[in-house]
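Below are the chains, spelled out letter by letter.
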Amino acid sequence: MARKKTAREATALRPSRKREAPVDPYEVPDEGETPRRRRRLETTDSANGNMQERRNGAAEDAQTAVETTPAKRRGRPPKSAAAGTPMAQATTPSAKRPRSLAETPVKVDGLDTPSRRNIADRSARRKSARALIDRVMGGTVSEDEVEEGDIAREIYESSEAEEEGQEGQEEAQEPTAPSKSPGRKRRAAARKRSPTPPRDLPPHEQYFYQNKPGLAKTSNNTLSSLDLLTHDEYFSVLRQLKDPHAADVNFLQNLHAESFAQWAFELSQGFSTCLYGYGSKRRLLHSFATYLSSQNPHHKVVIVNGYVRTLTARDILSTLTAAFPSPLTSNSSGGGGVGLNPSTTLQTLLTHLSTTSSSSGLTILVNSVDFPALRKPALQSLLSRLAAHSRIHLACTADTPNFPLLWDAGLRASFNFLFHDCTTFAPYGPCELEVVDEVHELLGRKSRRAGGKEGVAFVLRSLPENARALFRLLVGEVLVAMEEEQGGRGVGGGGRGGEEVAVEYKMVYNKAVEEFICSSEMAFRTLLKEFHDHQIITSHKDSIGTELLSLPFRKEELESILEELMS
Amino acid sequence: MDGNEDSGIFFEEDDHRAAYIFNADQPLSTQKQTPRPAKRRKVAKADAPRPHQDSSVELAFPPLFNGAEGSDAVRLRKQLYETAWPVLEDRIQHVLREANSNTLDEVTSFLQHAAEAETGKITAGFIITGPSIASQHLLFEQLGERLRTATRARFVRLRASEAPNLKAALKKIIQDATASGTDGEEVGDVEISHGGRKYLDYDLEALHVFLQQQQQQSPRVVVAFQDSEAFEGGLLTDLIALFHSWRDRIPFDLLFGIATSVELFQARLLKSTARQLYGAQFDVVQADSVLESVIKTAVAGSQAALRIGPSLLQSWVDRHRDQVAGIQVFISSLKYVYMCHFYADPLSVLLAGDGRLDRKLMQPEHIEAVRTLDSFKAQVEAAVEARQLNHAQSLLEDDDYLVAQILEQGQKRNEYLLRLLRSLHLVAATGLSSTSFTDLYILALSSGIDIDQSSGTVPLEDAVKRLRAEEFLSLINRLLMAVQTGSSDLGLDGWEPDAEELVGSLTDLRDEVDGLRERSKSNGTVLKSKYSAQSRVLRTTVVAQKVQLSQDTAIMTDEDKAFTKAVDALLDLLSENLNCGPIDNLFLHEAWVFDSKSPYRDVFVPCPDATFGRALSRPHDYLACACCAKANGGLASTLPTTAILYHLYLEAGALINVADLWSAYYALVGEESEPGLDERSALVCFYRGLAELRMMGFVKQSRKKADHVAKLKWLF
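Protein chains in written order, with full-length UniProt numbering: chain X, 1 to 567; chain B, 1 to 716.
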């Protein structure tokens with residue numbers, strides 16, 4: 001638990017350290033050499049002082065900040081001014097700088113949240129805030145002063161950006177809060193960086209523009225106020241939802257259906273067709289299958305659903321051998337199943353097809369050829385070998401815009417593809433796209449699991465007694481950890497699932513041995529593997545390599561699972 | 001939507017299976033009723049007069065002209081396609097096999113010789129294949145066949161993707177080497193055991209034992225690394241070392257397909273490893289020359305029924321050159337163009353010759369279609385300009401007259417093609433033009449052939465004029481030869497009987513010049529024409545201590561004058577014979593020239609990004625719905641959810657806050673707006689849209705901030 005916390009903090013720290021470097025190169029052209037130099041000096045300067053000193057020296061800092069301003073007012077060239085004033089300080093801290101950097105990461109207990117770097121930045125920030133205020137009070141602004149103000153503002157802004165990346169809790173304690181709004185407004189005016197992005201950039205320019213470090217400013221809003229959908233709710237709402245475009249989608253589909261004859265002709269001429277475009281093409285392909293078999297009833301049609309996540313070469317081959325029962329396969333592997341080796345099975349199938357004289361051919365229709373299950377090179381080369389056979393036709397659909405990357409020139413040549421734009425706008429069915437899971441995965445909320453509580457119960461029923469005992473132990477441990485976490489954190493984070501809370505692998509193993517669930521680590525691993533296979537536990541390593549186990553369930557779910565296990 | 005959801009539920013069982021045999025007898029009726037009538041609607045009209053369609057198992061072409069095309073015409077188109085293409089395909093295959101045959105012979109004989117010579121090293125053939133993997137495939141297939149039959153060797157092809165590590169590579173080698181011999185007989189039973197022991201499947205001992213069991217005279221094992229650049233250097237080194245150590249028990253030969261150069265390849269191997277190889281290098285015929293012979297045979301040749309227009313052909317050749325698309329792509333493109341033409345162009349029936357095309361076949365629709373052609377317009381305009389008003393009027397009004405004209409065109413087409421090919425062949429035979437045949441052919445199609453020096457497409461005039469007597473004679477001989485033998489590549493027979501005049505004048509010229517040469521030889525002078533460089537002599541004379549430069553025409557003997565005349569005569573002869581108009585000057589060329597790039601480009605070079613982008617940014621283009629017409633590529637609340645999210649996505653930066661995306665979306669479609677969705681329904685739509693964006697690879701999870709996703713796509 002404690003470990004979990006430190007891990008989170010480590011991730012919070014990392015960006016703040018990283019951001020420092022990339023910001024600079026892009027800031028330079030605006031202000032020239034001076035501000036960067038100055039800022040670094042100032043930060044390192046205050047990096048030396050610890051908390052205590054900062055409190056005492058705050059007044060002095062402000063003093064120096066103010067002192068530098070009049071020096072500029074005299075109209076000295078900016079470069080010499082920058083080099084002149086802090087030169088004496090510059091030599092001292094530079095020696096100590098590496099030490100202060102080296103110290104930062106070795107905090108394990110995670111008690112003092114603001115890192116040394118943060119403190120340093122904050123003092124620099126406070127200084128600059130004060131300089132800003134002084135100047136606003138002071139009235140007249142000379143040319144040099146504008147630049148000086150920029151420096152101060154920049155320090156202020158950059159540290160603010162860093163803080164946004166963190167939890168945002170410190171924000172409230174900031175004493176400088178009142179000066180925030182004037183500072184920001186001025187900056188927008190001074191930096192000439194308009195909030196609306198430049199329009200009509202070519203794509204590559206857009207990429208570089210949008211990936212400018214420091215530019216990615218998004219609000220801190222989260223979806224926490226929104227009650228996320230569950231599977232049940234999603235489907236019940238979906239059933240009542242009417243798509244205003246349904247008629248148009250149907251029309252579009254019928255339009256595509258008029259090309260069936262053309263596709264069939266293309267297939268018969270030894271080409272493969274690939275239908276791509278936005279929208280589900282499952283129904284279209286199904287109608288195409290109907291069309292094909294209505295044209296020639298002896299022609300076998302095999303449909304492969306690429307969106308099924310568990311699809312393997314074996315599935316395809318066994319279906320194909322079932323479609324073409326050959327004496328060889330049924331002899332060698334009994335019952336028409338697939339023999340030991342997919343490639344020999346394929347070889348048998350192909351030779352069987354070329355030797356038999358019957359006129360019937362075979363058409364393979366592949367749904368979603370670019371979904372993860374089919375992205376493996378082995379499967380694609382299997383498909384291409386099938387497609388290259390003269391008696392086998394292949395038509396597939398592709399759902400992502402990147403599908404041409406699936407095939408190299410060799411595969412492309414043996415597929416002999418013709419591509420057709422088949423944008424259907426048809427909604428993806430639940431079998432193709434598990435909407436709720438996808439979105440939650442995208443948001444990092446929950447991952448796939450074995451159908452909730454019932455699924456777990458079902459899985460456990462099929463497992464031996466000691467597996468059940470181990471799972472009971474795990475659930476208990478996680479629940480205890482959750483209790484602790486909630487106690488420690490107060491009210492916050494109540495909605496978070498069990499995935500947030502993890503228990504140490506070693507500790508669980510020790511307990512399991514104590515309770516005679518297993519006798520060796522090997523056996524323990526085997527049990528865990530079973531859970532992994534059913535996706536009812538997840539494991540990961542934290543930053544220092546400790547293996548952690550967690551359960552992808554909510555607290556209430558865990559409680560009811562535990563109840564069930566105990567009964 | 002109802003229909004969709006129904007179908008979603010209806011197929012549920014099958015849809016969740018990974019693969020299944022489609023069964024048309026399934027009671028699909030409930031939801032299949034909806035699309036059916038719509039589908040039938042078009043075909044229905046044509047179905048009635050085509051009873052034969054059901055009986056034939058083969059796929060029939062659909063009738064064109066909105067179904068009004070007569071069944072005979074449809075059948076004729078199909079027949080034409082079926083006779084036109086296979087002939088070409090055979091010839092192309094022949095050309096391809098020929099192209100590789102030299103390499104095959106060399107490699108085979110090298111391996112055989114190396115087997116006899118005891119070098120103590122592993123024999124290795126380095127085959128420089130060029131950069132296209134697709135063409136390597138064919139080559140290695142042929143190699144495999146050849147070696148299997150010629151040397152009874154076991155042939156194993158390895159591709160880098162199949163052999164990521166030593167174990168996998170060995171497994172594959174052993175598997176293929178043991179399987180390749182037993183093709184039909186005992187496939188399932190290749191596990192070799194020795195004294196009850198079973199070998200691991202990557203143990204070369206197994207292969208050794210297997211080979212011994214085969215009881216053949218030392219069968220060799222040829223391992224071919226198809227894309228050897230793609231293999232890891234270390235893996236190759238290991239494999240070679242291993243083969244070397246097994247050399248006394250299993251005779252290994254290696255073949256490497258190399259795309260770059262042997263030196264680069266060798267640099268990747270250890271020196272000690274390279275020393276274990278005894279190799280030779282083989283060059284495959286360059287892809288360009290293969291392409292040229294394919295074009296000669298299949299595109300330009302007399303057997304090509306359909307002509308590929310110059311701009312399309314040029315784009316293919318460019319693509320072949322620029323994108324290394326491979327000869328296979330070229331052939332597929334050619335085939336597809338044939339398919340397109342006969343499948344979708346009703347006028348393709350005009351290609352039918354020898355009486356298969358008659359008045360009965362020509363429906364009013366055909367005649368109507370002919371009258372819309374550009375070449376028809378050009379023909380009528382030309383007739384009007386030539387004051388053949390009757391002809392023009394009949395063309396426009398009299399159907400029978402037009403049909404008669406159309407039927408005549410077949411003959412004219414053949415004449416044109418023959419003239420074109422003969423001219424091209426003669427141009428090639430002169431050997432004076434440096435342009436490649438492909439370029440020449442494209443040029444001839446687009447702007448005709450003309451050897452005039454200043455305005456012509458193939459300026460040969462100067463080159464002919466500069467000829468010396470010997471060259472002149474050999475040129476004439478070459479031309480005579482060309483006329484006599486024709487060209488087998490082009491499918492052009494000798495046309496001596498047709499060109500009596502040309503042959504006669506050429507032989508006369510030859511005899512004359514021959515005589516002239518003899519005479520001038522006996523006179524001790526060199527025969528020259530007034531065009532040749534020697535005829536002008538730069539003279540330096542010293543007159544009153546001043547150097548005077550003067551250019552004098554050398555004195556022309558009578559023989560020289562006669563030779564000049566002969567050159568002029570040849571030039572006239574050539575410009576008369578090497579002459580041909582551009583292809584689109586011909587009436588009705590649309591019926592037998594295909595020069596549209598669009599189906600080819602759409603079908604072979606898709607741009608999915610643009611397609612997806614267009615669908616999502618302007619759904620109206622596809623859906624043609626009333627509600628989204630106003631949006632015109634902008635954001636509107638009536639667009640499909642994913643399209644709305646896509647618009648928002650385009651506006652967003654590299655990091656997208658999902659909460660903000662949601663509130664923007666909800667503000668657009670929420671209760672106050674036109675769609676007026678309540679929060680939960682809107683959320684369901686939002687979920688769907690977001691899931692689809694993710695599925696299409698537009699966004700991915702970001703760990704930088706809570707509830708943020710990262711943008712992945714910029715290029716559309």
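Please note: incorrect hints may appear among the correct ones.
Stated by the list, open to error - Calculated from the model, a selection of chain B residues having no Cβ within reach of chain X, i.e. all distances over 12 Å:
#, residue
1, 89
2, 447
3, 650
4, 678
Unchecked claim - No more than 27 Å apart at the CA atoms, straight line, and that leaves these computed lysine-lysine pairs for DSSO-like:
#, chain 1, residue 1, chain 2, residue 2
5, X, 506, X, 555
6, B, 167, B, 78
7, B, 597, B, 630
8, X, 300, B, 700
9, B, 412, B, 465
10, B, 171, B, 198
11, X, 212, B, 561
12, X, 212, B, 704
13, X, 376, B, 172
14, B, 465, B, 565
15, B, 78, B, 597
16, X, 376, B, 630
17, B, 528, B, 565
18, X, 541, B, 172
19, B, 597, X, 242
20, B, 705, X, 217
21, X, 555, B, 704
22, X, 511, X, 529
23, X, 541, B, 121
24, B, 121, X, 300
25, X, 376, B, 167
26, B, 78, X, 217
27, X, 212, B, 565
28, B, 700, X, 217
29, B, 700, X, 376
30, B, 561, B, 465
31, B, 713, X, 212
32, B, 713, X, 217
33, X, 541, B, 704
34, B, 713, X, 376
35, B, 713, X, 555
36, B, 172, B, 121
Simulated from the structure, these hints should not be mistaken for lab results.
As the structure is a prediction and not an experimental result, all values here were calculated from the model.
Using N, Cα and C, we set each Cβ at its ideal position, and we do this for glycine too.
Here's how the hints hold up against the structure:
Not every CB of chain X lies more than 12 Å from the CB of residue 89 of chain B, the least distance being 10 Å, so the non-interface label is violated. At the 12 Å boundary, the C-beta of residue 447 of chain B stays outside the reach of chain X, the nearest C-beta of that chain being 32 Å off. Not every C-beta of chain X lies more than 12 Å from that of residue 650 of chain B, the closest at about 9 Å, which undercuts listing it as non-interface. Listed as a non-interface residue, residue 678 of chain B fails to keep its Cβ farther than 12 Å from every Cβ of chain X; the least gap is roughly 9 Å.
At most 27 Å may separate the alpha-carbon atoms for a hinted pair to count; residue 506 of chain X and residue 555 of chain X meet this at roughly 23 Å. At most 27 Å may separate the alpha-carbon atoms for a hinted pair to count; residue 167 of chain B and residue 78 of chain B exceed this at roughly 52 Å. For the suggested pair residue 597 of chain B and residue 630 of chain B, the alpha carbons sit about 32 Å apart, so the restraint of at most 27 Å is broken. With a CA separation close to 40 Å, the supplied pair residue 300 of chain X and residue 700 of chain B exceeds the 27 Å bound.
For the hint linking residue 412 of chain B to residue 465 of chain B, the alpha-carbon distance of about 33 Å lies beyond 27 Å, and the restraint is violated. Distance check on the hinted pair: residue 171 of chain B and residue 198 of chain B sit about 14 Å apart at the alpha-carbon level, within 27 Å; holds. In summary, the hint linking residue 212 of chain X to residue 561 of chain B is not supported, as the alpha carbons are separated by about 80 Å, beyond the 27 Å threshold. Between residue 212 of chain X and residue 704 of chain B, the direct Cα distance comes to roughly 15 Å. Compliance with the 27 Å bound is thereby established for this hinted pair.
For the suggested pair residue 376 of chain X and residue 172 of chain B, the alpha carbons sit about 18 Å apart, so the restraint of at most 27 Å is met. For the hint pairing residue 465 of chain B with residue 565 of chain B, the CA-to-CA distance comes to about 11 Å; that is within 27 Å, so the pair holds. At most 27 Å may separate the alpha-carbon atoms for a hinted pair to count; residue 78 of chain B and residue 597 of chain B meet this at roughly 23 Å. Our distance criterion of 27 Å between C-alpha atoms is broken by residue 376 of chain X and residue 630 of chain B, whose separation comes to about 43 Å.
Between residue 528 of chain B and residue 565 of chain B, the direct Cα distance comes to roughly 11 Å. Compliance with the 27 Å bound is thereby established for this hinted pair. A threshold of 27 Å between alpha carbons decides the hint, and for residue 541 of chain X with residue 172 of chain B the separation of about 36 Å lies outside it, so the pair is violated. Straight-line distance between C-alpha atoms of residue 597 of chain B and residue 242 of chain X comes to about 42 Å, which puts the hinted pair past the 27 Å bound. For a cut-off of 27 Å, the pair hint linking residue 705 of chain B to residue 217 of chain X stands: about 11 Å separates their Cα positions.
Proposed proximity of residue 555 of chain X and residue 704 of chain B is supported: the alpha carbons are some 26 Å apart, at most 27 Å. At roughly 18 Å between alpha-carbon atoms, residue 511 of chain X and residue 529 of chain X fall within 27 Å of each other, so this suggested pair holds. As the CA atoms of residue 541 of chain X and residue 121 of chain B are separated by approximately 51 Å, the hinted pair breaks the 27 Å bound. In summary, the hint linking residue 121 of chain B to residue 300 of chain X is not supported, as the alpha carbons are separated by about 52 Å, beyond the 27 Å threshold.
For the hint linking residue 376 of chain X to residue 167 of chain B, the alpha-carbon distance of about 20 Å falls within 27 Å, and the restraint holds. For the hint linking residue 78 of chain B to residue 217 of chain X, the alpha-carbon distance of about 63 Å lies beyond 27 Å, and the restraint is violated. Only pairs whose Cα atoms come within 27 Å are accepted, and residue 212 of chain X paired with residue 565 of chain B is rejected, the gap being roughly 77 Å. With a C-alpha separation of about 18 Å, the suggested pairing of residue 700 of chain B with residue 217 of chain X holds against the 27 Å cut-off.
For the hint linking residue 700 of chain B to residue 376 of chain X, the alpha-carbon distance of about 20 Å falls within 27 Å, and the restraint holds. Proposed proximity of residue 561 of chain B and residue 465 of chain B is supported: the alpha carbons are some 13 Å apart, at most 27 Å. With a CA separation close to 16 Å, the supplied pair residue 713 of chain B and residue 212 of chain X stays within the 27 Å bound. Between the alpha carbons of residue 713 of chain B and residue 217 of chain X the distance comes to roughly 19 Å, so the proposed pair stays at or under 27 Å and holds.
Taking the CA atoms of residue 541 of chain X and residue 704 of chain B, the gap is about 19 Å. The hint holds against a cut of 27 Å. For the proposed pair residue 713 of chain B and residue 376 of chain X, the alpha carbon gap of about 22 Å is at most 27 Å, so the pair holds. For the hint linking residue 713 of chain B to residue 555 of chain X, the alpha-carbon distance of about 37 Å lies beyond 27 Å, and the restraint is violated. Between residue 172 of chain B and residue 121 of chain B the alpha-carbon distance is near 23 Å, which keeps this suggested pair within the 27 Å criterion.
Figure legend: structure checked against the earlier numbered hints; hints not met, in rising order: 1, 3, 4, 6, 7, 8, 9, 11, 16, 18, 19, 23, 24, 26, 27 and 35.
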